[in-house]
Amino acid sequence: MIRSIKAIAMMAVPASIFMAAAPVAAMAGTAQPLTGSGCYGGTTVIQDHGQECTKVVGSGLKITSIAGEYNNTTPFAETVYIDYYGPKGYITKTGSITVASGGSTGYHTWHNPTPSVNRPAGDYCTEAFLVEGNLPIFSDCIDVRA
Numbered sequence: 008m009i010r011s012i013k014a015i016a017m018m019a020v021p022a023s024i025f026m027a028a029a030p031v032a033a034m035a036g037t038a039q040p041l042t043g044s045g046c047y048g049g050t051t052v053i054q055d056h057g058q059e060c061t062k063v064v065g066s067g068l069k070i071t072s073i074a075g076e077y078n079n080t081t082p083f084a085e086t087v088y089i090d091y092y093g094p095k096g097y098i099t100k101t102g103s104i105t106v107a108s109g110g111s112t113g114y115h116t117w118h119n120p121t122p123s124v125n126r127p128a129g130d131y132c133t134e135a136f137l138v139e140g141n142l143p144i145f146s147d148c149i150d151v152r153a
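Numbering (my numbering), first residue to last: 8 to 153.
Check before you lean on any hint, since a few could be wrong.
As the list claims (entries may be wrong) - Estimated spans, in silico, between C-beta atoms of each pair: (1) Thr86 to Thr121: 31 to 37 Å; (2) Pro122 to Pro82: 39 to 45 Å; (3) Thr86 to Gly129: 19 to 25 Å.
Everything labelled a hint here was simulated from the structure, so no lab data went into it.
For each residue, glycine too, the CB sits at the ideal point set by N, CA and C.
Go ahead and model the full structure; you've got the sequences and the hints to work with.
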């Protein structure tokens, strides 16, 4: 199922060009067998912005769930939300989550309402956004193939 892990660093780009807001319908944390994961983060030219992690669970193109987590390595609290998207675009997002310095959101999971249906091959990603300024921080993607 997983062929590669891709990560994208983003800063100072309005989030509105990447997403359309929609309510989170199926968010919940559950333990499932891990089939692909990765993390990306670090320091940009401006400052440290933490780490964003993604997990994809499924078999082949049958995706059961996608989970995202933000780890705050900055010296101050951050209020973030996590976007979920795939090869066909935006899936959903979490609500706002305030994360203390050195803290984590923990994994927030989107459960696919039709896990037995094949999904398009390609990158499935989660991306952490700063609520203040609606700015993307980091994105981590899992390349899903049959």
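Here is how each hint holds up against the structure:
1. Thr86 to Thr121: 31 to 37 Å: 32 Å, holds
2. Pro122 to Pro82: 39 to 45 Å: Because 40 Å falls inside the window, the suggested range holds.
3. Thr86 to Gly129: 19 to 25 Å: 30 Å, violated
Hint compliance for this structure: hint 3 is the single one not met.
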